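**Student:** First residue of the sequence shown: 39, per this note's numbering; consecutive thereafter.
The set of hints was computed from the structure by calculation and includes no laboratory data.
Only a predicted model underlies this, so the values are computations on that prediction, with no experimental measurement involved.
Each hint should be verified, as a subset may be incorrect.
[Unchecked claim] Heads up, simulated SDA-like pairs for lysine to any residue below, C-alpha to C-alpha not over 25 Å straight-line:
no.	residue 1	residue 2
1	Lys138	Gly105
2	Lys186	Ala176
3	Lys498	Ala561
4	Lys399	Phe314
5	Lys296	Lys186
6	Lys493	Phe558
7	Lys171	Glu183
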Amino acid sequence: MSYLVLARKWRPLSFEDVIGQEHITNTLKKAIEKNRVAHAYVFTGTRGVGKTTTARILARALNCENGPTPNPCGVCESCKNIISGSSFDVLEIDGASNNKVDDIRDLRDNVSYSSMGGKFRVFVIDEVHMLTKQAFNALLKTLEEPPKSVIFIFATTEPYKIPETILSRCQRYDFRRISTGQILSRLEHICTSENISFDSKALVIIARKAEGSMRDALSLLDQVYSFCHDSLEEKEVRSVLGLVDSEIYSAIIDAIAKKDPAPVLASVQNILDQGFDLHEFIVGLEEHIRNLLFCRFPEMYESRRIDMPLDSEGRPDLYRTQSQLFSESDLLRMSEIVRKAEFDLKWSAFPRFLVEIMLLKLVNMDSSVSVEELITALKSSPSNTGPSPKIPSGNSTEEGQKKKDNRSIGIFPGNTQQAVSGQPPAKTVSSLPPHETKEEFSKEERAQLSPSALKELWPKFLDSLMQDRPNLCSFLSFATIVSATGSSLDLRFPYENQFQFNDVIRKERREEIEKKLENFAGAHIDLHITLEPENPSQKPGNFHHAFTAASPSLDDEIEREPIIKTVMELFDGELLT
Numbered sequence: 039m040s041y042l043v044l045a046r047k048w049r050p051l052s053f054e055d056v057i058g059q060e061h062i063t064n065t066l067k068k069a070i071e072k073n074r075v076a077h078a079y080v081f082t083g084t085r086g087v088g089k090t091t092t093a094r095i096l097a098r099a100l101n102c103e104n105g106p107t108p109n110p111c112g113v114c115e116s117c118k119n120i121i122s123g124s125s126f127d128v129l130e131i132d133g134a135s136n137n138k139v140d141d142i143r144d145l146r147d148n149v150s151y152s153s154m155g156g157k158f159r160v161f162v163i164d165e166v167h168m169l170t171k172q173a174f175n176a177l178l179k180t181l182e183e184p185p186k187s188v189i190f191i192f193a194t195t196e197p198y199k200i201p202e203t204i205l206s207r208c209q210r211y212d213f214r215r216i217s218t219g220q221i222l223s224r225l226e227h228i229c230t231s232e233n234i235s236f237d238s239k240a241l242v243i244i245a246r247k248a249e250g251s252m253r254d255a256l257s258l259l260d261q262v263y264s265f266c267h268d269s270l271e272e273k274e275v276r277s278v279l280g281l282v283d284s285e286i287y288s289a290i291i292d293a294i295a296k297k298d299p300a301p302v303l304a305s306v307q308n309i310l311d312q313g314f315d316l317h318e319f320i321v322g323l324e325e326h327i328r329n330l331l332f333c334r335f336p337e338m339y340e341s342r343r344i345d346m347p348l349d350s351e352g353r354p355d356l357y358r359t360q361s362q363l364f365s366e367s368d369l370l371r372m373s374e375i376v377r378k379a380e381f382d383l384k385w386s387a388f389p390r391f392l393v394e395i396m397l398l399k400l401v402n403m404d405s406s407v408s409v410e411e412l413i414t415a416l417k418s419s420p421s422n423t424g425p426s427p428k429i430p431s432g433n434s435t436e437e438g439q440k441k442k443d444n445r446s447i448g449i450f451p452g453n454t455q456q457a458v459s460g461q462p463p464a465k466t467v468s469s470l471p472p473h474e475t476k477e478e479f480s481k482e483e484r485a486q487l488s489p490s491a492l493k494e495l496w497p498k499f500l501d502s503l504m505q506d507r508p509n510l511c512s513f514l515s516f517a518t519i520v521s522a523t524g525s526s527l528d529l530r531f532p533y534e535n536q537f538q539f540n541d542v543i544r545k546e547r548r549e550e551i552e553k554k555l556e557n558f559a560g561a562h563i564d565l566h567i568t569l570e571p572e573n574p575s576q577k578p579g580n581f582h583h584a585f586t587a588a589s590p591s592l593d594d595e596i597e598r599e600p601i602i603k604t605v606m607e608l609f610d611g612e613l614l615t
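Full structure from sequences and hints, please.
**Tutor:** Written out as structure tokens, the structure is:
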């Protein structure tokens, strides 16, 4: 077939044609002008940004009959041979298929031969990171002291895999991703030159889909033009590339703002009916939310420093109105929900349901409220000053405050049996003045349990603890109740259970037990834990005094390490010494 794809037809032939890499091409041009060309280069960067192309242009610039020159003529015999790939002085090697030590030895032997008419011999090794360790070692000496007029150019997408001994002997140039604007400008120039009519929004989609790669952009342009009839249209481009229409995303966002789940769930079925990939759908939704988020920042929007699609009139105002439906905090939370769904999608056995759950979370997401707004609302809502400001639904501030107050007030005399059996206390709480809070209660006004009720409460507390912290519950089950008062409980461990005793008297463990017991009983209860002496004539010591007097042990220091603490909490583990 005589057809030449656009990626090859429009491959740059001079330094000026290389898009988006001016920091490299200008350096190489000046190095040629000053006769300061290095003997080894490393070109790094993502795919399709011009690494191998720049290496070929450099080889032509050095071997041109008019050179070395930063502007090779392209018409001399040397330039023509390099362009066609038939030059004996420019050797391109695929590092992925020639990665063995024997291949490098052959290359090393080839280096010693003189040129075949050119001024320099240039060896271009593509994907050099694929070479084996032995192959790199075989190249070291030749690379450090190459023969005169021999230049090595290594191209790679993964420079971190190249040994430091190789990198230190080369000049490294990092090729950047090409911006969407530069790709779009180049695509418009190519389409005009090829007499291809196009819709600007269609080229924008191609430029953004290329993700910084000029070669990918030209390949996509070739693909979509083969599908389209006479011109490139946005709808046809989206169909070829498997991209969901932006109108679907706009409809979903509107439904989320209205808290209406029906259109959102219907959109999933519509996407599947049209054969779109759910991962592409989530990525598109992420991009849509990103555009809404940055529309909330005037300096970013007005300076056009964000990659924003155009509306029907050619202005990047497509999402500005829709972005006003949400605050910045709402959009950040939405982006986190979508991002997590994208991560979980690859592991899901039922991806459709995961996407539907993600969308329902977005629909039912409550509006964010700042701390300042919450404090202002609480300060301006006393019972005798009229209606209070409206707090966004879903935060349940008033209900949560009532529950917190009821829980902190605890159990009052006369309600002991109800509290022990799990029933709510009687409504004597409502007789308190409305302005009092739990901090204003004295110790005498705090609830107290009778000794018998406290003894009955302890096994029920252990049962509830078994659901949350089974390991801790098993340790506490070795202790027996020695005595109980209205606000304290004495526990004693047998002497043979020193390990369990030493664990529960640690400061962090003690505070955890007391806090859980207080939440369960609804009142503060002091715990006194002792160990049965080895000799019955000895007096068992109270752990409070022993703990405060002793300095932190090595076990406590180890357990306070953030990583160890996280692992122990995650797996409900214990520190063994």
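**Student:** Report the numbers of all earlier hints that the structure fails to satisfy, in ascending order.
**Tutor:** Numbers 1 and 5 - these are the hints that the structure violates, sorted from lowest upward.
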